[in-house]
Structure formats: C-alpha cells, structure tokens
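Start from the sequences and build out the full structure, keeping to the hints where you can.
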Amino acid sequence: MGRRLAALWAVLLVGLLAPMPASAQDDGARPEGATLRIGLQQQIDSLNPFLGYSLAASDILRVIYPTLTTYSPEDFSVKPELAEGWTSSPDKLTWTFHIRPGVKWSDGQPVTAHDAAYTFNRMMTDPAASTANGNFVKNFDTVTAPDDATLVIRTKTPQATMLAIDAPIVPEHVWSKIADVANFANDQMPVVGSGPFTLTGYRAERDVTLTANPNFWRGPPKVAKLQFVQYKNSDAAVQALRKGDVDVVQKLTPAQFNALAGKADIKQVRGHGRRFFELVLNPGATNSENQPIGTGNPALKDVRVRQAIDRAIDKNVLVDRVLGGYGQAGGGYLPPIFHDFHWTPPKPRTFDPAAANRMLDEAGYARGADGIRRTPQGEPLNLKFVLHGGESYDAQVGEFVKRWLADLAINVELQPVSDNQLNDRTTAGDFDMVISGWSANPDPDYVLRLQTCGARPDPNGGGNVDSYLCDQQYDDLYHRQLAEFDPAKRVELVKQAQARFYDQATGLILFYQNSLEAYRADRFSGFTRQPKTDGVVVAQQGYWGYYGAQPTEAAMSGSSGTDYTSVALVLGGVVVFVGAAVTLVVARRRATADFRE
1483 MGRRLAALWA
1493 VLLVGLLAPM
1503 PASAQDDGAR
1513 PEGATLRIGL
1523 QQQIDSLNPF
1533 LGYSLAASDI
1543 LRVIYPTLTT
1553 YSPEDFSVKP
1563 ELAEGWTSSP
1573 DKLTWTFHIR
1583 PGVKWSDGQP
1593 VTAHDAAYTF
1603 NRMMTDPAAS
1613 TANGNFVKNF
1623 DTVTAPDDAT
1633 LVIRTKTPQA
1643 TMLAIDAPIV
1653 PEHVWSKIAD
1663 VANFANDQMP
1673 VVGSGPFTLT
1683 GYRAERDVTL
1693 TANPNFWRGP
1703 PKVAKLQFVQ
1713 YKNSDAAVQA
1723 LRKGDVDVVQ
1733 KLTPAQFNAL
1743 AGKADIKQVR
1753 GHGRRFFELV
1763 LNPGATNSEN
1773 QPIGTGNPAL
1783 KDVRVRQAID
1793 RAIDKNVLVD
1803 RVLGGYGQAG
1813 GGYLPPIFHD
1823 FHWTPPKPRT
1833 FDPAAANRML
1843 DEAGYARGAD
1853 GIRRTPQGEP
1863 LNLKFVLHGG
1873 ESYDAQVGEF
1883 VKRWLADLAI
1893 NVELQPVSDN
1903 QLNDRTTAGD
1913 FDMVISGWSA
1923 NPDPDYVLRL
1933 QTCGARPDPN
1943 GGGNVDSYLC
1953 DQQYDDLYHR
1963 QLAEFDPAKR
1973 VELVKQAQAR
1983 FYDQATGLIL
1993 FYQNSLEAYR
2003 ADRFSGFTRQ
2013 PKTDGVVVAQ
2023 QGYWGYYGAQ
2033 PTEAAMSGSS
2043 GTDYTSVALV
2053 LGGVVVFVGA
2063 AVTLVVARRR
2073 ATADFRE
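Here the numbering used here is used: the first residue of the sequence shown is 1483, the next is one more, and so on.
Calculated directly from the structure, the hints in this document are not laboratory data.
There may be inaccurate statements among the hints.
Unchecked claim - Below 30 Å or equal to it, Euclidean Cα-Cα: the simulated DSS-like pairs (lysine-lysine) are:
1) Lys1829 / Lys1714
2) Lys1866 / Lys1884
3) Lys1725 / Lys1714
4) Lys1829 / Lys1971
5) Lys1749 / Lys1725
6) Lys2014 / Lys1971
7) Lys1783 / Lys1749
8) Lys1561 / Lys1574
9) Lys1749 / Lys2014
10) Lys1749 / Lys1714
11) Lys1561 / Lys1971
12) Lys1745 / Lys1725
13) Lys1561 / Lys1977
14) Lys1977 / Lys1620
15) Lys1586 / Lys1704
16) Lys1704 / Lys1638
17) Lys1704 / Lys1749
18) Lys1829 / Lys1884
19) Lys1586 / Lys1561
20) Lys1586 / Lys1659
21) Lys1971 / Lys1638
22) Lys1638 / Lys1977
23) Lys2014 / Lys1561
24) Lys1971 / Lys1574
25) Lys1620 / Lys1971
26) Lys1620 / Lys1574
27) Lys1638 / Lys1561
28) Lys1620 / Lys1586
29) Lys1704 / Lys1977
30) Lys1884 / Lys1783
31) Lys1745 / Lys1783
32) Lys2014 / Lys1977
33) Lys1745 / Lys2014
34) Lys1783 / Lys1977
35) Lys1714 / Lys1866
36) Lys1659 / Lys1620
37) Lys1574 / Lys1977
38) Lys1783 / Lys1866
39) Lys1561 / Lys1704
40) Lys1638 / Lys1574
Right, dumping it as structure tokens:
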C-alpha cells in the first residue's frame, strides 16, 4: 500500500487499522538496534526550542540540544555539559564559560561558543525567542564569544542562577536564517542538534521519532531510536504497555499503577515528584501594563475570601482519595524533593469549614435568600472552575472542591475544557478558579519568577504567568534571592518568598504527587533514575534515563518493527487529519496538564 493511500486509510478507518511497518514512519534507513517507545498522554506544545516549555516538549528537546550545564542524576548537583568549566569575576557580574572542544552538530559542523552567544542574544532581542526560557536572560547585559572556545556573559546585577541556565542552545548556522521564530515549527527533518539523539521524524498529534547520535560526545546511546507515541489518555497508554506496543509509560494514575503490580515483564517505578498541583484563584488579573483583563469574580480580589477557600479544602483527603496515598499534602510552593528549598507553613491553614464560614461572615459575604453568599455589593459568589477535560486528577479534585465550597454557600460550576482552551482562558484571565501545576527545577528561580509582576502577559497575550500575583513584597524577595550567592542566605530568602505567596493565597498548593511510571523489563533495563534514591526514569532534568537505557536480547531481535502510532490511533481514538497545518501560538501558556519545568 502506498504511503499516501495508507495515510488516507488512517483517516477513514481509525480504530480498524492494522499496524504498518516501522519503515513507513520516516524516510531515513532504520538503524540496527532497538527502538525505545515512550507513551505520551499529553500534547507537545512545540518542537521549537525557543517556544516549547510543556513537560512533554522539554523531555524531547533535552535529548536534542545541548545546554551549558546539566544536573547530576545522583543528587541534582550542577555538572558540566557543553561548558566543561567556568569562572566568575570577583563582583559576580562577568562569567566566562569554557566550551568543550570536539563537540559537533549532527550535520558535522562544530559546536562553538558563537552558537551559545547567538542563542542567548536571540533570546534577549527577539520577544518570540524568549517565550520558553526568557527568564534566564532577563538580567543579562551582554553575551559575547571572543573565540570558538570562550563564552562571556555579563549581567546587570549579580545573578545566583548562572550555573542553572539549562536553556537549549541552537546552531547559529541554521537558526540565523529563520526570521520568524514565532511561526517556525522546527519540523523539517532531520533537525540539527548535538544531543544523544537527533530528531528525524514528526507527525503532529501522532508521534515523534529520534535517532541515536553516533557522534555524541559522551558516546552513542545504547538504543538506536526513541519514539514518543501520542495517546489520547493514560488508559490507552497503559493498555499499549501491557500489550508490548510501547516500552515506557509515565503519569500513571494510582489505580493503573496498582493494577500493574506483579505483572510479568513490567517493572513499576515510584519516585518523588518535582511537580506541585495547584488551584489558582483569580486575584483580579492584569497585564504587564497594569490593565485589568479577564472575567474573574471580583470577590476573589479579597485575600480573606481566598484564604477562606483554602481553609475549606481538605488536602489530606485529596492525597488519600485522589492520589491513593501516592503523594504529600500541599503547603509550600516548592516540592519536598528539593528539601533545601522546601518550606512548610509554620501556621498552616488546616481544613476547618467552620472557621472558613466565620471568615466569610466577618468579611461581609452574607448568605442570600437562595443560600448563596453575596458580595458586599450584592453579587452572588458563583465561581467558574476551569479544568483539564482529559485529566482524571482534575475531575476528581473538581468534584471535591465543588462539594466543600457548597458548605461555604459558594456555588461552583465545573468547566472541563481541552488543554489548549484552558491555556487560552488562563492567559486571558478568563476564569475564577483554574487547575495549574509546574515541575520545579533543582534551582527554584524559574517557578519563583512565575509569580512576579514581570511574568504577566503583555497586551498582545505573551508572558509566562501562573497565578497573576503581582505583589511588591514578593517581587522584592524574588530579586533578593536572585542576587544572593551565599547558599544559606538564599535558601532563607526563597522560603520568605514562599511564605508571602502562601499568605496571599492566589495559588493554593493542593498536593505533590509521586511520579508513577512503568516500563517493559523484558525489553529494557539500566534506566538511570534521577535522583539516584527515589528518582524517576523519564521527564528528568537531563537525558539520563533514555541515555542509560539498555536493550535486552528481545528488544534487539527486531520485535520493535510495528508502527506504534497505528496502535495509538486504535487505543486512543485520535483522528488524524492528513495535511493539517500546525500553528504555533506564542501566547500559549499551558499545553498540557504537566507544565514547563
């Protein structure tokens, strides 16, 4: 069957299609060796390294593009990567990075300091190029490359995160020809990179294929290919894992994880999560020009209302009933896995509906004749709660929160929507309550900045904001921690910033879920976990899990010759529109239930 005809049948006969040969997936010759197949249950917002910041995109981009430094798989400590060493001036304003010699792009061109300088300067001067990682360069004054081996970055003020800049570095000889970053899909194969794998195949909403880079400076990976296969939901992905159609699945629900216990050839992985699960309360969203935006209920501008809502939510019940015990109740902004920076409220707002009701009574939000509370201006407390429609966690949390707030005489309307709709509505401030969540980095600066005034969207809709907190006290603490090089003092400032965020209650940290994964032990072993104790296999701060994977004889025998996208179509019910254009929208803040790290 011809490739075009096969594509047509994929459209017409979704759910009935038999697997095709793997050779139909890309034009390149299939290398000898095993293909490691990862089941994705989330959309990839972009394969453009300047734009993509969802967890799925970040996971893929990390194996394609180099970064100056990386995080150790053992304990998250900083390790040299493209930069093999560095020095700083006594005033901490000038940083000199020494670029590793002999590293090459996949097209054979050398990777030099000029590529890094080009990347950072593009981020500093092109608003679109700063979409995903612009916070890293906000404080940069100049970036230069005196020679191929030397990168010099001068900052406006001391910046304690200079060894935590894990923004992807791109080849200048490729990207300097791209005038419009905002609308560049980066899907012309093969994509030029220098990581352990090279992007060689992409079918929107279906799969992403990467081929091992034989010239990777650490040595070639042990698997020939990575294939990220898109599924509509985790049930479909888990079924594919059971059948052997994929090798690794993450984001398992507790029920799915428990059901895999004792299954032959499947190994479970339970790791501490880097993500917080958050309920955002719209405090009166404004853009970067301080102009009100969105449709938030004015009552949520009152911190007393936000704190009362927090008192009405039983986070321990959510951990027990929603997470099945696989997690910890929320409190501070940063997850417990980063124990140095994690903060626990000394006087937490524990579950106390009676106290929450008193708080609302004392604030002047009396119950109306219909039993619903009214604002002092007489408006009912009817709140729109926007959820990810495809996420079971969201649905369960929504039902619990609706029931608990009914006890406060607050009416909640659950509005499950698609990932992209949630993204658009959040960016526009078109919500009262919305589910959010971010995977934190070992250095907390990235997620701390999400709560600053500077993270708010501009009048055109750009920006990378979380809860629309714009608070001078928080901003002052944020900037102080960024400039503090004494580790103990910086930790204390970060904890003070978390305390202020907690006090303002624009984002309620509900819980920190464990990362639940599983893989086919009959096909692969040797996955590097990060951190070494209680860590995870995929979605790491680096490429360690995929790079360390070792195929078994069964995987090497050629049993991976299936078009796994066909299986994904059958199981996930995804309808593929042949020839559909992929539009990249810079204003997209969230593309999935798991967000940029």
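These are the hints, each one checked on the structure:
1. Simply put, Lys1829 and Lys1714 have alpha-carbon atoms about 41 Å apart, too far for the 30 Å limit, and the pair is violated.
2. Restraint check for Lys1866 and Lys1884: satisfied, since their Cα atoms lie roughly 10 Å apart, inside the 30 Å limit.
3. Between Lys1725 and Lys1714 the alpha-carbon distance is near 17 Å, which keeps this suggested pair within the 30 Å criterion.
4. With a CA separation close to 22 Å, the supplied pair Lys1829 and Lys1971 stays within the 30 Å bound.
5. At roughly 14 Å between alpha-carbon atoms, Lys1749 and Lys1725 fall within 30 Å of each other, so this suggested pair holds.
6. For the hint linking Lys2014 to Lys1971, the alpha-carbon distance of about 27 Å falls within 30 Å, and the restraint holds.
7. Annotation: proposed proximity of Lys1783 to Lys1749 is violated, straight-line Cα distance about 48 Å (limit 30 Å).
8. Proposed proximity of Lys1561 and Lys1574 is supported: the alpha carbons are some 20 Å apart, at most 30 Å.
9. The hinted pair formed by Lys1749 and Lys2014 meets the criterion: a straight-line CA distance of about 17 Å does not exceed 30 Å.
10. Of the pairs offered as hints, the one joining Lys1749 and Lys1714 holds, with about 23 Å between alpha carbons and a cut-off of 30 Å not exceeded.
11. Among the hinted pairs, Lys1561 with Lys1971 is consistent with the structure: their alpha-carbon atoms are about 23 Å apart, no more than 30 Å.
12. Of the supplied pair hints, the one linking Lys1745 and Lys1725 holds, its CA atoms being roughly 12 Å apart against a limit of 30 Å.
13. Annotation: proposed proximity of Lys1561 to Lys1977 holds, straight-line Cα distance about 25 Å (limit 30 Å).
14. Proposed proximity of Lys1977 and Lys1620 is supported: the alpha carbons are some 23 Å apart, at most 30 Å.
15. For the hint linking Lys1586 to Lys1704, the alpha-carbon distance of about 19 Å falls within 30 Å, and the restraint holds.
16. Between the alpha carbons of Lys1704 and Lys1638 the distance comes to roughly 43 Å, so the proposed pair goes past 30 Å and is violated.
17. Pair hint Lys1704 plus Lys1749 holds up; C-alpha atoms about 20 Å apart against a cutoff of 30 Å.
18. The straight-line distance between the Cα atoms of Lys1829 and Lys1884 is roughly 25 Å, inside the 30 Å bound, and the hint therefore holds.
19. Simply put, Lys1586 and Lys1561 have alpha-carbon atoms about 20 Å apart, close enough for the 30 Å limit, and the pair holds.
20. As the CA atoms of Lys1586 and Lys1659 are separated by approximately 19 Å, the hinted pair is consistent with the 30 Å bound.
21. For the hint pairing Lys1971 with Lys1638, the CA-to-CA distance comes to about 21 Å; that is within 30 Å, so the pair holds.
22. Distance restraint check for Lys1638 and Lys1977: the Cα-Cα separation of roughly 25 Å lies within the 30 Å cut-off, and the hinted pair is therefore satisfied.
23. Annotation: proposed proximity of Lys2014 to Lys1561 holds, straight-line Cα distance about 15 Å (limit 30 Å).
24. Restraint check: the Cα-Cα separation between Lys1971 and Lys1574 comes to about 16 Å, which is no more than 30 Å; the hinted pair holds.
25. The hinted pair formed by Lys1620 and Lys1971 meets the criterion: a straight-line CA distance of about 22 Å does not exceed 30 Å.
26. Restraint check: the Cα-Cα separation between Lys1620 and Lys1574 comes to about 16 Å, which is no more than 30 Å; the hinted pair holds.
27. Proposed proximity of Lys1638 and Lys1561 is supported: the alpha carbons are some 25 Å apart, at most 30 Å.
28. Between Lys1620 and Lys1586 the alpha-carbon distance is near 29 Å, which keeps this suggested pair within the 30 Å criterion.
29. Annotation: proposed proximity of Lys1704 to Lys1977 is violated, straight-line Cα distance about 42 Å (limit 30 Å).
30. Only pairs whose Cα atoms come within 30 Å are accepted, and Lys1884 paired with Lys1783 is accepted, the gap being roughly 20 Å.
31. The suggested pairing of Lys1745 with Lys1783 is violated, with an alpha-carbon distance near 51 Å, which exceeds 30 Å.
32. A distance of roughly 26 Å separates the Cα atoms of Lys2014 and Lys1977; the hinted pair therefore holds under the 30 Å criterion.
33. Annotation: proposed proximity of Lys1745 to Lys2014 holds, straight-line Cα distance about 24 Å (limit 30 Å).
34. Restraint check: the Cα-Cα separation between Lys1783 and Lys1977 comes to about 24 Å, which is no more than 30 Å; the hinted pair holds.
35. The hinted pair formed by Lys1714 and Lys1866 meets the criterion: a straight-line CA distance of about 26 Å does not exceed 30 Å.
36. With a CA separation close to 24 Å, the supplied pair Lys1659 and Lys1620 stays within the 30 Å bound.
37. Restraint check for Lys1574 and Lys1977: satisfied, since their Cα atoms lie roughly 23 Å apart, inside the 30 Å limit.
38. Distance restraint check for Lys1783 and Lys1866: the Cα-Cα separation of roughly 15 Å lies within the 30 Å cut-off, and the hinted pair is therefore satisfied.
39. With a C-alpha separation of about 22 Å, the suggested pair Lys1561 and Lys1704 falls inside the 30 Å cut-off, and the hint holds.
40. Distance hint between Lys1638 and Lys1574 is fulfilled; the C-alpha atoms sit about 10 Å from each other, no more than 30 Å.
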